[in-house]
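**Q** These are the residues of each chain, in order.
There are 4 protein chains.
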Amino acid sequence: MILILERNLKEEEIQRIVEKVKEAGLTPHISRGEERTIIGLIGDSRAKDREYWLNVKGVEEAIRILKPFKLASREFKKKDTVVEVDGVEIGGKGVVVMAGPCSVEGREQILNIARVVKDSGAKILRGGAFKPRTSPYSFRGLGKEGLLYLREAKEKFGLPIVTEAMSIEQLELVSEYADIVQIGARNMQNFSLLEAAGKIKKPILLKRGMSAKIEEFLLAAEYILSNGNRDVILCERGIRTFETYTRNTLDISAIPILKSITHLPVVVDPSHATGKRELVIPVSLASIAAGADGLLVEVHHEPEKALSDGFQSLYPHQFKELMRKGKVISEAIGRFIL
Amino acid sequence: MILILERNLKEEEIQRIVEKVKEAGLTPHISRGEERTIIGLIGDSRAKDREYWLNVKGVEEAIRILKPFKLASREFKKKDTVVEVDGVEIGGKGVVVMAGPCSVEGREQILNIARVVKDSGAKILRGGAFKPRTSPYSFRGLGKEGLLYLREAKEKFGLPIVTEAMSIEQLELVSEYADIVQIGARNMQNFSLLEAAGKIKKPILLKRGMSAKIEEFLLAAEYILSNGNRDVILCERGIRTFETYTRNTLDISAIPILKSITHLPVVVDPSHATGKRELVIPVSLASIAAGADGLLVEVHHEPEKALSDGFQSLYPHQFKELMRKGKVISEAIGRFIL
Amino acid sequence: MILILERNLKEEEIQRIVEKVKEAGLTPHISRGEERTIIGLIGDSRAKDREYWLNVKGVEEAIRILKPFKLASREFKKKDTVVEVDGVEIGGKGVVVMAGPCSVEGREQILNIARVVKDSGAKILRGGAFKPRTSPYSFRGLGKEGLLYLREAKEKFGLPIVTEAMSIEQLELVSEYADIVQIGARNMQNFSLLEAAGKIKKPILLKRGMSAKIEEFLLAAEYILSNGNRDVILCERGIRTFETYTRNTLDISAIPILKSITHLPVVVDPSHATGKRELVIPVSLASIAAGADGLLVEVHHEPEKALSDGFQSLYPHQFKELMRKGKVISEAIGRFIL
Amino acid sequence: MILILERNLKEEEIQRIVEKVKEAGLTPHISRGEERTIIGLIGDSRAKDREYWLNVKGVEEAIRILKPFKLASREFKKKDTVVEVDGVEIGGKGVVVMAGPCSVEGREQILNIARVVKDSGAKILRGGAFKPRTSPYSFRGLGKEGLLYLREAKEKFGLPIVTEAMSIEQLELVSEYADIVQIGARNMQNFSLLEAAGKIKKPILLKRGMSAKIEEFLLAAEYILSNGNRDVILCERGIRTFETYTRNTLDISAIPILKSITHLPVVVDPSHATGKRELVIPVSLASIAAGADGLLVEVHHEPEKALSDGFQSLYPHQFKELMRKGKVISEAIGRFIL
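Chains as they are written, first to last, in the numbering used here: chain R, 1345 to 1682; chain H, 1345 to 1682; chain L, 1345 to 1682; chain C, 1345 to 1682.
So here's chain R without its partners, still in its complex pose (with noise of 0.2 Å):
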């Protein structure tokens, strides 16, 4: 931490700042510029925030050197963390497409968009049974009818499942069902919720926030591992800005910062990023290009007939399209799909 004094302090005042320092168990090291009297903070000055130094009487500013987060970060763990789900392998040096529809919308939907993906290649299905929709008078999800559905899906096809928990009642019962865990922008601080999910034995997804910043996304996913569970998987799904033209502004950079910074495997969700079909090829090529490690793609046998988020959801043969070309990219850049 460095701390920017005000203009024009009192010998005294800057003497009580050090003084402030040293309480904190640092060792302050002063440098009196022309203007500024600067102080650097030699310790871990993770002990007392940057707020705690704002708040201090005399401090203009105070700048973070060290990163917020610590299990989270690459320093505290060089090594990637490959997270395995029956086998599939998220991390490691597959690409790992997730493919199904937003919801689950009844047994025979379900069965059927699950052949559908399978035979294209996908290695895990996702479905909502659960569903956070902005308004109260949209369809909400089939709820633990439809994790029968999902879990039927998976043993008739062998893949494992990914879906969405809202709170930590669904947590419970979700976690039961589910091999991935997922949750949603909407409750990326939704911190009774994160810690929750640091508890359970099943892997989480968790999506980026609408307005969150990268750190605040590793920081939401510091809550869980920091409460046990270092199964995380982060998803970038775009991120709110002026653009109206897509529901989504997808942040592609943030997949090789965040491939630099952390050591968590990061997928993409080229559908809610977009918000329209047309765009999630190239999106999910883009994505593969620039070194996410999976992909999370709303696919549907009848979009037309999807009670959510059908005009973003592949047709199947466009899915199939989405999987040949991946393939070709992941290989241009000595990867495969999984």
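Errors might be hidden in some of the hints.
For identical chains, the list gives no copy identity; a pair is met inside one copy or between any two copies.
Distance condition first, Cα-Cα at most 30 Å in a straight line; then the derived DSS-like pairs of lysine-lysine [stated by the list, open to error]:
#1 Lys-1437 with Lys-1500
#2 Lys-1669 with Lys-1392
#3 Lys-1401 with Lys-1669
#4 Lys-1546 with Lys-1411
#5 Lys-1649 with Lys-1488
#6 Lys-1414 with Lys-1620
#7 Lys-1421 with Lys-1669
#8 Lys-1664 with Lys-1422
Worth flagging that the hints you see were computed from the coordinates, not collected in a lab.
Given chain R, put chains H, L and C in place with the hints provided.
**A** The following block gives chains H, L and C in isolation, referenced to the frame of chain R:
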């Protein structure tokens, strides 16, 4: 709802869409333009949401004419909702000031500050017992102990209490102690929590999410209203933008907009909106001038020792100044500070 | 400037950086932390910009301590700059209202509106002769003819004129007719135009760019100031955010921030900030309450016939209402409407 | 255009609007819904813009059905525009790499870098002689001297040149030397400059403004096209968002969107989009995978000595790596590096 069809559709494709409209119990009204055909849907088109129509083949765009929220709208209820708490009316002619520390940090602290804000004219005491924090390593509140201190402060100074609940579990506990339960910005789309909040008997102060559009904000309120709780207070607390000088950007226009399209009371949190103590007074005065029904202000007798948000908390003498100036501005627009 | 060095640099690499600092005429002050080494640069580090240091090998981050603008800063000039135009003082104790149509559309129109705003108490007449328009197919102003009408209105009603110049060529022409030359938001970083504006003898009203940070806004002002023109009026007119309800989002906090870090006058354009007639009055009152030195408001006697921005122009009776309410708010904060 | 009328309008008010529509030479098509009446305008509604209708009393909202740009649209011209410069085709099947320093800093420097990029396979040389800089105190380019060095490099290495013009004056000079004239992000809505650019005989590389929506970007291109210059190359270079980790946020989806709605070539500037050298390669590969027709990359043989943007410039060996990997990705999608 208006449907804009794709270019060059064949007549049979148009008829297929027309059939869909009729199936939905709506009357189609077709306009054939030179370049596009559009279909107006007559009837209560809220039955099927915008997504539904976007899913229909041949529909390029679907435009909602009606607002997606009902119970929160002025059309539904013309008269202002006035939330009453222990005789304090929020949403009436008086401007209500809710003040107190960011977090309850101890018995002495909250009693001290309660006295200070009471003396200066605050009508409601704020203070967090459960604190949402970006980092798992920051101070997260005293929990139930904090609630007990809040109750003591309430009894001693006759100040009703507003405090946050972050999960369904906390909601039960908090609603025993609090007079108003706060749902924070990060939980604005925690739909499970919103539903639970709709089932309790205490007023809810709902903060706008950092990247929530006004319409989404009102749909979040709709979740609470539609579950039976009609006492919702909206709180504008700044949105996330590219500007980094302030913690958030207060959306001052949201105040008159909300007052015009909803009957719910609108208060402003100038402390989180700006994140800088020296901006709290001008921004508070601006909010009152723009028509806010109240303020939610952080005050601390020793901000330097605050465990959270000290840098944006007013000193007692500043709070007194705010109350004095706020009074004059309120009167200038024909209101008064409660 | 503070340099944060990369982790694990060898001593010789650190020494190499130290040499660079000395070469730049600065004194390095080294703090060796447990995880990082930082170097404080003593001396006027404005000589080399932040980029320069980011370029130096081994430097991970460079943090500016001093603001990058000089002439625009309060430190450089403590006393408020008061821009005087035909006896009207902008930036003094009085709040100045500049009003008129978006575009000059004809002789009758501008004379009519000039009379209306003069009667209600406006002190300066606004009106565009050269109009920046997003589409090349929109009405782009009357050009020189518009300037002639503005001059006639000025002579008839004794109202000094503010009008926009979009290029260096127009700057020459406009500055012959205008009392204040406006540089629009889209040209805020048209550096060639800013330099030219710095060389004329007329005051400049500089609008904040749609995505300009406060610091960039002041650096744009610095371009004008450093070329010799000290009469710069800053105009906050809303920034671009994700919210689509309003045309832009007025950054109300920018008013007290600018008043604190610069000596230049700060006015607000509530018409472009909101894009909605019904929001202009509350947002104007908020701006005055927050400390704005003036308003730049669109008024039209027949908004329905306006060739641009009619939907956000006040009717004459609304402008009268604004002046009346603005007067009361101004007095409430110890100022007055000029 | 579709007009949505206010609620509860009287029949005569509706008729008044209908008259307005007819006056505009359009045929009104009325749909009377239960809550609202809407009017579809049949005919070329581009004659009157959206604003015009928003101004009409009783009209609450006006929704454009047609895109506001014509010459830039795919509907206007189905076939891809291919811009040819000295035999290099931009917008054809090959992916074109334009590379060079941010600024021309001297004769040696530009000749050195020209050789480097030529050797690695770049087809066009970039380099700024006139530099837009946020601060008036930063290095602003060598001006005409820089143009002379660029010409020398061109002659020596057979590389056509792209370089920026910031004003109409510079446009004349620059277009004598450059093969492609760049208009920078900050000037994207400098309409005077766009018009002038439409009148010259050289291709224009138009960068997207930092806060420009895709539609506004294409309207800026329309300014150039409608003034007679049909050789416009669009350049996505990142937009401004709340994320501060990168300089801007590359809008990767903009690539397939633009390729779909316009016939103009689309290139990407990964250097400004990210502002970080280590992100340039992954983001470049992503851009090619998403369908970009070219890249505009900053390369410097001694980034540490660069007078601008050194921190985001590739080292020669990194540029070589980019070319090698870019080739593989291009081929994976059925294209090639030119």
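**Q** At most 30 Å between alpha carbons: which applies to Lys-1414 and Lys-1620, within, between, both or neither?
**A** between (37 Å within a copy, 23 Å between copies)
**Q** Give the relationship of Lys-1421 and Lys-1669 under a CA distance limit of 30 Å: within one copy only, between copies only, both, or neither.
**A** For Lys-1421 and Lys-1669, only the inter-copy Cα distance (28 Å) is at most 30 Å; the intra-copy one is 33 Å.
**Q** Up to 30 Å between alpha-carbons, please classify Lys-1401 paired with Lys-1669: within, between, both or neither.
**A** between (59 Å within a copy, 26 Å between copies)
**Q** For Lys-1437 vs Lys-1500, is the C-alpha pair at or below 30 Å within one copy, between two copies, both, or neither?
**A** Within one copy only: 27 Å inside, 45 Å across.
**Q** At 30 Å max between alpha carbons, let me know whether Lys-1649 reaches Lys-1488 within a copy, between copies, both or neither.
**A** For Lys-1649 and Lys-1488, the Cα distance is within 30 Å only inside one copy (22 Å; across copies 48 Å).
**Q** Under a CA distance limit of 30 Å, which applies to Lys-1664 and Lys-1422: within one copy, between copies, both, or neither?
**A** between (35 Å within a copy, 28 Å between copies)
**Q** At most 30 Å between CA atoms: does that hold for Lys-1669 and Lys-1392 within a copy, between copies, both, or neither?
**A** neither (49 Å within a copy, 36 Å between copies)
**Q** Cα distance capped at 30 Å. Does Lys-1546 pair with Lys-1411 within a copy, between copies, both, or neither?
**A** Within one copy, since 27 Å is at most 30 Å while 40 Å is not.
When the structure is compared with the earlier hints, a violation turns up for hint 2 alone.
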